[in-house]
Amino acid sequence: MDHRLDDDRRTTMTTTATTTTTTTTTSTTTTTTTITTTTTTTTTTTTTTTTTTTTTTTTTTTTTSTTTTATNSNSSSSSRSSSRGGGGRGGAVTAVAIVEIVVAVVVVVEVVVVAVVVVVVVVVVVVVVVVVVVVVVVVVVVIVVVVVVVVVLVVVDVVVVVVVVVVEVVVAVVVVVVVVVVVVVVVVVVVVVVVVVAVVVVVVVAVAVVAAATTTAASVVEVMVVLIVVCYVISEPCFWDVFIG
4 MDHRLDDDRR TTMTTTATTT TTTTTTSTTT TTTTITTTTT TTTTTTTTTT
54 TTTTTTTTTT TTTTSTTTTA TNSNSSSSSR SSSRGGGGRG GAVTAVAIVE
104 IVVAVVVVVE VVVVAVVVVV VVVVVVVVVV VVVVVVVVVV VVIVVVVVVV
154 VVLVVVDVVV VVVVVVVEVV VAVVVVVVVV VVVVVVVVVV VVVVVVVAVV
204 VVVVVAVAVV AAATTTAASV VEVMVVLIVV CYVISEPCFW DVFIG
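For the sequence shown, our numbering gives the first residue as 4, with consecutive numbering after it.
Hints may be right or wrong, so weigh each one.
[Unchecked claim] Label pairs and their in silico Cβ distance ranges: (1) LEU156 to VAL197: 56 to 62 Å; (2) THR217 to VAL189: 36 to 42 Å; (3) VAL140 to VAL161: 50 to 56 Å; (4) ASP160 to VAL194: 27 to 33 Å; (5) VAL206 to VAL226: 42 to 48 Å.
Keep in mind the hints are simulated off the structure, nothing from the lab. All figures in this text were calculated on a predicted structure; none of them were measured in a lab. Heads up, the beta-carbon is just placed ideally off N, CA and C, and yes, glycines get one too.
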């Protein structure tokens, strides 16, 4: 019987399994910004909605390292086992190193991606905030301009109305004064004309009466003189002798 075979059969194989698990988790961030601006004057409604979602990335890397150790009472067998085991350990270490490098690269890439996403989200939020602020400022400026224009128009309308009312009142007063003056002048003229006409009529009547009386008296005197002359010239008694005696 070959004792070397017995030595080989008595070889004890020990296997050690090493499992390395690397888990990388990136959290999910969701940012929702809703800004609603409503202005009632010219009816302006501005609605801005921004939704930012950061995706969760989970990477799980499992590395299994297997080490085999051979134990034998025979020195030659144990040396062969040791040499084989050493080669296995070297390959496992190399595989673990490669996996760790890959995992490190993946982690770095994930960190860079997350950083880029965060920067993009921050930039988007800043841009949205700036746009919203600009829109709000523009809306406020428009409201102020509209209010100023409305106030100016109202003031102008009030001033125009006041001026028109004052002008109308002044014109009405002037017209009333002119009408009163004209009426007074007409009345005075009419009164003066009536008085003058009355005076003229009275004077004419008086002159006519005086003229008539004078004419009548003169006629009577003339008749009396003629009668007297006739009576005394012809020595005839006259009708007044009766009265004279």
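Task: Hints violated by the structure (listed by number, smallest first) - done: 3, 4, 5
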